[in-house]
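Visitor: Sequence:
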Amino acid sequence: MKEQLYTIPVNEAIDKNEECLFCTLNKKVEEDILNYILGPSYMEEDIRSETDKIGFCKKHYSQMYKAQNRLGVALILSTHMKNIRQNLNEIFKDELNETNHTIKKNLFRKNEEQTKSVEYISEIENSCYACKRMESRMNSYIDTFFYLWKKEDDFREKILNSKGFCLEHFNMIIKEGKKKLSSDKYKDFLTVLVPLELKNLDLLQEDIDWFIQKFDYRFKDEPWKNSKDALQRTILKVSSENVEE
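Everything in the sequence shown is counted per the numbering used here, starting at 4 for the first residue and increasing by one.
Just so you know, these hints were derived from the structure itself, not from any lab. Predicted model only: the values in this text are computed from it and were never measured. Even for Gly, the Cβ is constructed at its ideal location relative to N, Cα and C. There could be a bad hint or two in this list.
[Claimed, not checked] Simulated restraints on C-beta separations: (1) Val121 / Phe218: 49 to 55 Å; (2) Arg221 / Tyr39: 48 to 54 Å; (3) Met46 / Asp191: 49 to 55 Å.
All chains, full assembly: derive it from the sequences and hints.
Guide: Put into structure tokens, the structure is as follows:
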């Protein structure tokens with residue numbers, strides 16, 4: 004089965020014992036994809052053809068810029084800009100050739116389809132090659148998660164001993180579990196996963212509260228316990244965002 008191809012990264016992510024298995028996977032996938040894009044792949048015709056069309060989101064442009072391969076980013080942007088300019092020139096040529104009456108109608112109409120130029124620019128604003136690749140890979144990891152959950156006792160044991168999931172990915176597996184598991188298996192799934200999630204939320208609450216206490220001079224000489232990185236872990240748990248020093 005195709006899912007089996009992804010059992011190694013899923014198990015490796017669990018073994019890291021971080022706040023959320025899927026956040027760990029997502030971070031690794033994002034790093035791999037951006038490294039690949041800014042490696043030799045930006046000279047590969049099939050990949051450049053796609054990045055020329057859809058480009059990247061704000062977040063990934065920022066990350067690529069910070070990666071220090073300025074030439075690679077410039078080459079990607081150059082051909083992407085050429086693609087945008089060509090498309091806009093053709094679209095605006097057609098739109099501006101319409102009669103004044105039609106232009107006014109297109110510009111000021113309400114509750115109707117947008118003009119082609121608005122649709123195209125909106126499409127560019129909301130498209131990202133890296134996000135698209137990440138979504139595809141993460142969907143495979145979700146399938147692998149449920150494949151292992153159904154087939155491997157050791158995997159279920161690892162999950163039971165984990166720190167649970169961030170809220171976003173906990174919500175995701177609850178929804179996906181309903182699709183991928185039988186009624187009885189889904190009930191068993193929730194019986195296991197819900198207490199696990201609540202227990203780890205309670206533990207994290209203790210950590211963030213102790214982190215706060217440490218700013219009180221009366222507790223300055225007390226040990227940090229598990230709270231030194233409680234702020235980063237809590238942000239990840241509630242928002243899925245990895246915050247690094």
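Visitor: Does the hinted range 49 to 55 Å hold for Met46 and Asp191 at CB?
Guide: 50 Å, holds
Visitor: Do the beta carbons of Arg221 and Tyr39 sit within 48 to 54 Å of each other?
Guide: 51 Å, holds
Visitor: Is 49 to 55 Å respected by the C-beta to C-beta distance linking Val121 and Phe218?
Guide: With Cβ atoms ~50 Å apart, the hint holds.
Of the numbered hints stated above, none is contradicted by the structure.
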